[in-house]
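K.L.:
Sequence:
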Amino acid sequence: MVLRLDELHIGIKAYLKGAFAFADIKDPKAILDIGFWRMVWPTLSHSIGELTHVTDRAIQAAQQYPDATIPHREIGEILKRTIDLLKPNGWLLIEDSGRHTGHENSPGPAQSVVDHMFIQMLHAKGLDPFISERLSKLLDETRAFAEINVKCERLILSTDQTAIGHDDGTRKFSNALRHTLEKIVRNSAGGDLEAAGLTKELREAWLDERQDPRFKTFHDFWFFWSCKQA
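Heads up: the sequence shown begins at 0 in numbering that gives the first Met the number 0, then just goes up one per residue.
If you're looking for bench data, these hints aren't it; they were derived computationally from the structure. Hints are supplied without guarantee of correctness; some may be wrong.
The calculated label-pair distances, taken between Cβ atoms and stated as ranges, are [as the list claims (entries may be wrong)]:
1. HIS122 - GLU152: 38 to 46 Å
2. ILE118 - ASP26: 26 to 34 Å
3. GLY125 - LYS182: 41 to 49 Å
4. ASP83 - LYS150: 19 to 27 Å
5. GLU146 - GLU200: 46 to 54 Å
Even for Gly, the Cβ is constructed at its ideal location relative to N, Cα and C.
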């Protein structure tokens, strides 16, 4: 059985055509892997496993948040602490799944309800579902980088394989993200969503709609690669 994050890693690798990242990184000597979840960011986590010649030091830059949920009003401070750990000419890579879906969205009824519920739950916890859309501005305001690059890929999530794109790598990425979301809702949605109203019946309806090719949802996936000044 392929684990959820392993499948997502395989999808991202296919999308990147086997490359390590969008950044032009040659023979990296050290990788600092900082992993967060719940709408914050995983940094470099999808590539760590393959670089056996690279020193991997895993740290948690926000130890005061034991459940790894960081209010987004404090992202600036976390970003500063992360930059302090980055060597001159080093690269900061950030990946994040966004929440803006666009007018082309055609979700099913249960999908619409759960999405609204999820957004409201994040706001209630002090989290910003659209943090990726202003992250480049936050990076620029640090004045720490010689260059900041951003790419937003709009993925279509659907079982209708003809609708999700003609590029094989993009299709694999889209399916991997769809499977990831399905596994989260099926197995580990957690008490937060249940407290917000996610019932067993609504969960099952959401999963049924995910298998219905009539329904399509659009998800922005953001890549940031920024080189620290010398």
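K.L.:
Indicate, hint by hint, whether the structure satisfies it.
P.N.:
To see whether the hints hold, each was checked on the structure:
{"no.": "1", "hint": "HIS122 - GLU152: 38 to 46 Å", "in the structure": "violated, 25 Å"}
{"no.": "2", "hint": "ILE118 - ASP26: 26 to 34 Å", "in the structure": "violated, 42 Å"}
{"no.": "3", "hint": "GLY125 - LYS182: 41 to 49 Å", "in the structure": "violated, 26 Å"}
{"no.": "4", "hint": "ASP83 - LYS150: 19 to 27 Å", "in the structure": "holds, 26 Å"}
{"no.": "5", "hint": "GLU146 - GLU200: 46 to 54 Å", "in the structure": "holds, 50 Å"}
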